[in-house]
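Novice: Each chain, letter by letter, is given below.
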Amino acid sequence: MIEVSNISKQVTTTEGTLSILQEINLSLASGESLAIVGPSGSGKSTLLGILAGLDLPTAGSVSLNGQDITAMDEEGRAAVRAGHVGFVFQSFHLLPGLTALENVALPLELQGDKNALKTAAYYLQRVGLDHRTTHYPRQLSGGEQQRVAVARAFACRPTILFADEPTGNLDTGTGEKINDLLFDLNKEEGTTLVLVTHEHNLAARCGQRLVLAAGRQVEQVAVKKKAAVKKTIVVKPKAIAIAKPKAKPKAKPKAKAKAKPKAKAKVSPKPKAQGSKR
Amino acid sequence: MLLRTWRGGQLGLIIWSLVLAVSVVTSVSLLAERIERALTAESSAFLAADLVVRSNKPTPQAWITKAQLQGVETSQMVSFASMVYHQSDMHLASIKAVQSNYPLRGLIKRSTTPFTLDESLIEAVDYGPAPGETWVDARLLPLLNIELGDSIELGDTVLKVSQIIVEEPDGGSYSFFGARVLMNWDDVEAAGIVQPGSRVTYKYLMAAGADADDFAVYTGWLNDQLSIHDRLITPDEAQASIASTMDRGRRFLLLAGSIGVVLAGIALALASHHFAAGQTQQVALLKSWGISASRVRSLYLQQSLWLGVGGSLVGLLVGYGFSELLIAIVREWLPIALPSAGMRPWITGMATGLLCLGGFTLPALWHLPAQSPLAVLRQDIQVAPVSSAVRGAFGVAAVAGLLLWYSNSLYLSLAILAGFALTALATVIIGLAMLRLGKNYGQRLGSIWRLALNNLWRRRSQSLIQMVGFSGAIALLMIMLVVRTSLIDEWRFQLAEDAPNHFLVNVAPYELDGVRDLVKEQNLETAGWYAMVRGRMIAINGQPITEAQKDSHESFRRELNLSWTAELPEGNKVTKGQWWGEVDSAAAIAPVSLEDDIAEELGLTLGDRITFSVGGLTFESEVVNTRTLNWDNMTPNFYFLFPEGLLEEYPRTSMTSLYIPPQQKLLVNDLLRKYPTVQVIELDKIIDRIRTIVSQVTRGLEVMTLLILSCGVLVMFAAVSLSMAERLQESAILRTLGSSRRLILGIQLVEFSVLGLMAGLLAAMGAEAAVAMLQYFMFDLPFALHPWIWVTGPIAGGVLVGALGVGYSRKAVVQPPLEVLKSL
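Residue numbers (numbering that gives the first Met the number 0), protein chains in the order written: chain A, 0 to 277; chain B, 0 to 823.
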């Protein structure tokens, strides 16, 4: 599904060339989930952007579903995204002038789906917001807004879902619920999931984990039992051209993580399996 | 998607600006076009027809026959002076004999109560007196000691006085010598007055039937039939003074409308800029979903098109409603059955909406498709908008195109563009210096001032954009107010309640003292006495006047009124050559000054030598200058003027103009009884008419001014809203850090007031320049500086912008900070 080969990303600043990523390699099969973890400034979002085809690496290649997106122009990459990619963002990115239903339906309508509203209604119900379809984002809490965003992402039936710090703006409790929703839907839809997070408990729920550090050490670890494949990919550390001010080597993961993966107690309103999913 | 965006409140300002631009253009176009058509109809009424041929010979039957075949309505009229008698009393009256279908246009107002001003006693009819009857000027009754129902003798016929003429549609001409007697055409032969060789004037009246094309064909044919004895008179020539008044009013409407369009365009540009800034994240999101750049462009183009069409349609409706309101206000002087406007105002309105969109909104949105989808992950990635210079160029091109098409006046368009461009340029250059000065000076001041002036400098790009918007709006409003005030003041001066409404002409030197005394006895004052002699042109550049020249213009064949003066008369303006200073009266060739139009008609230019014959003596003169005259101020004007010391020795008469109030109207009778050779030209009725028109037009202008003012406020509102999100955020953060409401509101007040004050000052500069151009080239008003705008502009700018800014940003101190931040 996703093949990444030796990608690097450098940017030119007034002080010289800055390396954001150095020779990243990874491979992710269809249906698997990958967490990209690392401290702030380690290049997680940059890598996510490149994987999703939103940005181009300075070197290396990325293939999505067998298509080399780094060889395409923006129009080509857009076409790949249109058919295969969904997003969930840290700041939700809901359109303030649209209701929850319209927000979810929008990408479907843009693709010419005649049943966009029906599909949107179904997914809103799936995320437990069928009673808030006519509400605007400003009338929803943070958690509710992110649930709408999750519904929107899945409504397009993507083959790959990219999530950038999906619970970064939420409190722990709400975040857990969102995470549950994300993984439940992911499992149901069989989507390949790539998410960026600095929360280790969220990372632990993914089948694979790619660790980036501002400095040198990166590793990819497969943690899912089912996969039964211990894939350990070591990415060569590279000297960073410009001294990043953060000398904090460790991203104290234990500080936040509560080892409580089971938040599934009550919330999700148990979607009725209804409606056509198309 | 458009509806949702509108519902979300993001398009409000854009839609308002678009609707306002279209409605201003539509309402003014509708009104101007209907006024123009009404003016044409009104002017036709002044002719009592659509076209008239004046001649000293009877109308050929062939003309009448052909007219009947072409479906053109015709009527004949003859005018002459003749004595009328009643017993032992007599009067040299101005006789007009008309056919039964007179007037072809307009109405005759008549009454059975002499000298009445009561409208309920006055009746308007579209026919003249029947055979055997006559309708007379009320003055005739005391002159002949008669009453209604009595009979008068005219030649060999006797006519019964059945009605008093209050107003004739074509009665405003300068041919009132003696009281009017209106009689039927069929009685002329019986009267036996008109004989071969009689000095009479025939008029052949024509009016278009159902088919305007047939009329055009007929008049084209008629033009070829005219002889040297015939003169074609069009409606415009019929009442030049009213046409001039109406034309000025129409031009002002156009000016107001043009300014409104420019203001609404500026508001649209600012609103579009603001809207586009808020769309970048949305576009990044769309592109992250795989929507291509070309599709994004297509989406926004479609939205813009729907916006343009929808907004324009609404604007057309609003404009129509507004024009009806304006017409209701000025209805009193417009014909009841108003001619409907053609398609042009509607097309102009719709084109305005689409052109505004193309010139202001599309350039602001053009860069959006290039927004990187990566912006969904990184806030720092923003595609740069199209450069301000390019956007400005599009905007200027759109405005220039609109102005030219709409006003059809190069001068007006250039004046407004120049005024605005100068203001914008001054704002950018001088405004930046002012901001820097403010920042430096603010260091010495208290915290509110220091913070506020610092903020203005820190946000200087935005501050300059806002200042351009404010100063442009203020400048345009000032232009309109200044021109309107000058126009109204000029009208009021010219048509003051006691403006001269009668001319006394042909007063002999031995009568002068007596007439002066008579006027003085009535406690009336004249506008000064002007002496003149009667002379005739006999040669041009040494060549005697030919028969062909005599046939070409009546001035070559009749006596002219020649006068003299040392100073250029008030209201006269030299257009070519120089006015004379000290003149040697013994010089061989005397200088002469000609009126512009007459010089052109006679084919005379500077340096031409004219030989005059005055009192049997001849002298040569050289054309040294030409002038324009002011016919509106009702003082005597002369086509031919000489310096003092040349003509004083010739037999002369004097003329003057004076105001005679209605209740003293019988002075005219006394004057004519004592000095029967004095000619009295009565203009009271026509002046009353002009005064009514002017007051109604003025009211219309007031209403237009309000509409344009609202455009100006909209611009200011758009400019204020530009930086509002950032300001609200800063204010909310300051509040969370413990700043008082006084501090926060104080900062906003100072920032906006200072911006408004600076903008007002810069606006005064641009406005003064534009007004100078407009006054000189477009409105024929005297050039004048306007010190009051240099004071009013900054104060009004500071107060208005300060109030708007504080009003808008009150939310930051009223709502809890967290709510404000969340809403942003």
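Worth flagging that the hints you see were computed from the coordinates, not collected in a lab. Note that the coordinates shown come from a computational prediction; the quantities given were computed from them, not determined experimentally. All C-beta atoms, glycine included, are put in the ideal place defined by N, C-alpha and C. Hints should not be assumed to be uniformly reliable.
Said to hold, decoys possible - Where chain A lies over chain B, by a calculated footprint (3+ residues, C-beta under 8 Å):
id	region
1	372 to 381
2	454 to 464
Unchecked claim - Okay, the calculated beta carbon distance ranges per label pair:
id	chain 1	residue 1	chain 2	residue 2	range
3	B	736	A	39	22 to 32 Å
4	A	7	B	740	46 to 56 Å
5	B	791	A	74	38 to 48 Å
Novice: For each hint, tell me whether it holds in the structure or not.
Specialist: Cross-check of the supplied hints:
1. Here's how the region 372 to 381 of chain B fares: 5 of its residues keep a CB closer than 8 Å to some CB of chain A, so the rule of at least three is met and the hint holds.
2. With a cut-off of 8 Å between beta carbons, the region 454 to 464 of chain B has 0 residues touching chain A; three or more are needed, and the interface restraint is violated.
3. One distance hint, 22 to 32 Å for the beta-carbon pair residue 736 (chain B) and residue 39 (chain A), holds here, with the actual separation near 25 Å.
4. Between residue 7 (chain A) and residue 740 (chain B), the C-beta spacing of about 53 Å keeps the proposed range 46 to 56 Å intact.
5. Taking the beta carbon of each, residue 791 (chain B) and residue 74 (chain A) are about 56 Å apart, not inside 38 to 48 Å as hinted.
When each numbered hint is compared with the structure, violations occur for hints 2, 5.
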